[in-house]
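Colleague: All chains, please: the whole structure from these sequences, using the hints.
Counting in my numbering, the sequence shown runs from 2 upward without gaps.
Note that these hints are calculated values from the structure, not bench results.
For every residue, glycine included, the Cβ atom is placed at its ideal position computed from N, Cα and C.
Be careful, since some hints might not be right.
Okay, the calculated beta carbon distance ranges per label pair [stated by the list, open to error]:
#1 Ala-35 with Asp-239: 10 to 20 Å
#2 Ala-31 with Asp-352: 34 to 44 Å
#3 Glu-172 with Asp-114: 26 to 36 Å
#4 Arg-103 with Glu-392: 37 to 47 Å
#5 Val-240 with Ala-357: 47 to 57 Å
#6 Ala-35 with Asn-104: 14 to 24 Å
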Amino acid sequence: MARILGTGIATLDIINTVDGYPAEDSEVRALEQAVRLGGNTANTLGILAQAGHQCHLAGVLAGDMGGQRITAELTARGIGLEHARRMAGGAAPTSYIALNRRNGSRTIIHHRDLPEFGMDDFMEIPVETFDWLHFEARNCDELAAMLAYARSMVRDQPISLEVEKEREGLEQLWAYPDIIIFSRAFARGRGFEQPQEFLAEARAWAPRAILILPWGDQGAWAMQGDAVLHSPAFPPPDVVDTLGAGDTFNAGLIHAMLSGRALGQAVEDACRLAGRKVGQVGLDGLFEPAAMAAGERLCPLASLPDPGSRGFEVEIDGAMRPIFIVRQGSAVKGYLNSCPHIGAELNWQPDAFLDADQRYILCAVHGALFEIEDGRCIAGPCRGEALTPVEVTVAQGQVVLARPGGARP
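Modeller: Encoded structure:
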């Protein structure tokens, strides 16, 4: 899978679900409340990580409690933060969202007290090592410099730009991206109600870029050269939650194009994924294949270091048993957490199942070493014996236990 760098914002979303949007100067009771990770780039990266891509955020993270929660959520979703800028002060960007259960629409009030990610930060990133660079159009003066630098450093890696809303200085950006994804709100803000008319106008701004314009329940349009392509929407039986639908479309498009899909097919795939999203609450499980129903998801592959390991408790044959998984590249092996010597659990610290060189599985009790590939003991008191394997597989970027049961990390 691909290495993807996303430059943009991560927020804390506080979502109140209401039965109809309240009138001004009124009081209503929320049917339910949720607090979760948000922000266009963070959402897009989180969805791409579900598909198995190695995703990394270039953004600013606050040091307050909200920022710490955002950091924990990003880490849990397998998003790398080594290129993010950390701040001891500042307040985490927070979106207060009213979600209308009647039709799935959402109204957002956003608060931000944090500086933008800048060119000095971006210069520290080895952008040439990534397979795809995705940017959120904000802080345009700095972003123009970042885009120009990225263009000078990459060879054939795609650069995509999301343009969600009107911002001062956007005209500086058009020359650099390979793909520009506009929002319907942006097109309407510029006076266009017909997608093809907007794309014809935008072609003059960015003569070489692929232009993408999702248009809600009417599907999405794309322009490559002078050719215009269209995909219909794929609505679910019931629209439940539109929050993050645009971010889902972006992730679906990037994933499809990285998978080698032609532009028309990629736009259709993105519309299908966005349709699946608006039929459910939240962004989890969007790439989950039907085959996963027979197993139990343990974690995203991207959340495991390479090499790396993690322990879980799972139900096997009606009893909760400790297991662990070990990643090497795209391969993952699973074993019972029980040394064949005396039956003790192998690790003495959480998720620490490998030796110092990360070449072998280590039993911390007696120092026994086991091959990662087959669990065979090659050193220690149980030489020649083997760990008990547990069948796991990787499906659409998720590590899955082959037997059903409630897995607990």
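Colleague: Any hints from earlier that this structure breaks? Give me their numbers in increasing order, please.
Modeller: Every hint satisfied by this model.
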